[in-house]
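Visitor: Below, each chain spelled out in residue letters.
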Amino acid sequence: MEMTSAIIKAASAIGAGLAMIAGIGPGIGEGYAAGKAVEAVSRQPEAKGDIISTMVMGCVIAETTGIYALVVAILLMFVNPFGA
Amino acid sequence: MDGIKILYTFELPYLGQVVITETVRNSFIVVLLILALCLILTHKMEKIPRKMTQKAAEKLVLMTEKFVVSNMGSRWRAFTPYIMALFGSSIFGSLISLTSLRSVTADINVTLTWGVVTFIMIHFFSIRQKGVLGDLKGLLEPIPVLLPMNIISELATPVSMGFRHFGNALAGTIISTLIYQALAGLTTLLFGIGIPFLQVGVPAVLSLYFDLFSGVMQAFIFCLLTMIYISNATAEE
Numbered sequence: 001m002e003m004t005s006a007i008i009k010a011a012s013a014i015g016a017g018l019a020m021i022a023g024i025g026p027g028i029g030e031g032y033a034a035g036k037a038v039e040a041v042s043r044q045p046e047a048k049g050d051i052i053s054t055m056v057m058g059c060v061i062a063e064t065t066g067i068y069a070l071v072v073a074i075l076l077m078f079v080n081p082f083g084a
Numbered sequence: 001m002d003g004i005k006i007l008y009t010f011e012l013p014y015l016g017q018v019v020i021t022e023t024v025r026n027s028f029i030v031v032l033l034i035l036a037l038c039l040i041l042t043h044k045m046e047k048i049p050r051k052m053t054q055k056a057a058e059k060l061v062l063m064t065e066k067f068v069v070s071n072m073g074s075r076w077r078a079f080t081p082y083i084m085a086l087f088g089s090s091i092f093g094s095l096i097s098l099t100s101l102r103s104v105t106a107d108i109n110v111t112l113t114w115g116v117v118t119f120i121m122i123h124f125f126s127i128r129q130k131g132v133l134g135d136l137k138g139l140l141e142p143i144p145v146l147l148p149m150n151i152i153s154e155l156a157t158p159v160s161m162g163f164r165h166f167g168n169a170l171a172g173t174i175i176s177t178l179i180y181q182a183l184a185g186l187t188t189l190l191f192g193i194g195i196p197f198l199q200v201g202v203p204a205v206l207s208l209y210f211d212l213f214s215g216v217m218q219a220f221i222f223c224l225l226t227m228i229y230i231s232n233a234t235a236e237e
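Going line by line, the protein sequences match chains A and B.
This note's numbering numbers the first residue of the first sequence as 1 and each following residue consecutively.
This note's numbering numbers the first residue of the second sequence as 1 and each following residue consecutively.
In short, the hints are calculated from the structure, not lab data.
Heads up, some of the hints might be wrong.
To be verified - So the derived label-pair ranges between C-beta atoms look like this:
1) Ile4/B <-> Gly15/A: 29 to 37 angstroms
2) Lys137/B <-> Gly15/A: 35 to 43 angstroms
3) Leu155/B <-> Ile28/A: 22 to 30 angstroms
4) Phe10/B <-> Ile28/A: 24 to 32 angstroms
5) Ala78/B <-> Met57/A: 38 to 46 angstroms
6) Ile28/A <-> Leu7/B: 40 to 48 angstroms
7) Gly49/A <-> Leu7/B: 29 to 37 angstroms
Built from N, CA and C at the ideal position, the CB exists for glycine as well.
Throw the hints in and build the complete structure from the sequences for me.
Guide: This is the structure in structure tokens:
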């Protein structure tokens, strides 16, 4: 019985780590958005305010999948849904 | 990491068990803070403002109104009070973690409730403008085959809004807890004394990002998304 719970705990920890691989996606996406925003600001410095708010908006949407992964990882780490 | 502490439970007839958690207590503290701030800022208002408090209050209202009008158009000016209330409770709810209380937004019940309120408002305004059939017809666009997808994406709106805010606030809470524990371990490891003096100062720098920046940003984003969803749902063709 102790073995079972140990295996479940270990698998939950590994699963949490694997879930956070999803962090790559938002990282690439937000970096790309920020890079394009820098290009846009350097081309048209007077439109800086609009560009920044649009970029933040896009970054937030891109971040959603990362947040989902984070919630899954947190659930696996701290809530123990499989009853270890 | 500790979960949300349950402070008090009691039984109510017909409603069953009522649980008073840390979140409920801290929410009431936030409500009282905002109420006090409103009362102080609007105390003895005059037609031509001379006091700093009234000037600050007018500035806040005008800033929010500009924010709403620039995102939703001037016919939604009446939306300002709701956005200001949402922004205020979100920002104070996140920043209350600076006083070592647990932040209100690090509880899924709070953020998911705000998400559901937004969802209801989207459909209320959509139905008021287009009628029930007009609102439902939006699910069949652009082609009727996409109906299941559209239903899922409608239901995902409140979930994604709630989880986004909750995830950010909870991640900040967890990271600051981990940092405090790591710094306590580091002091015992390096100097072999039981007083964790490395905990002084170092977490403050990180708290600047995880509590202040992230809290303000998420409050801003939640209001922005609410406004964009509602003005999209009622866009005139």
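Visitor: Determine which of the earlier numbered hints do not hold for this structure and return their numbers in increasing order.
Guide: 1, 4, 5 and 7
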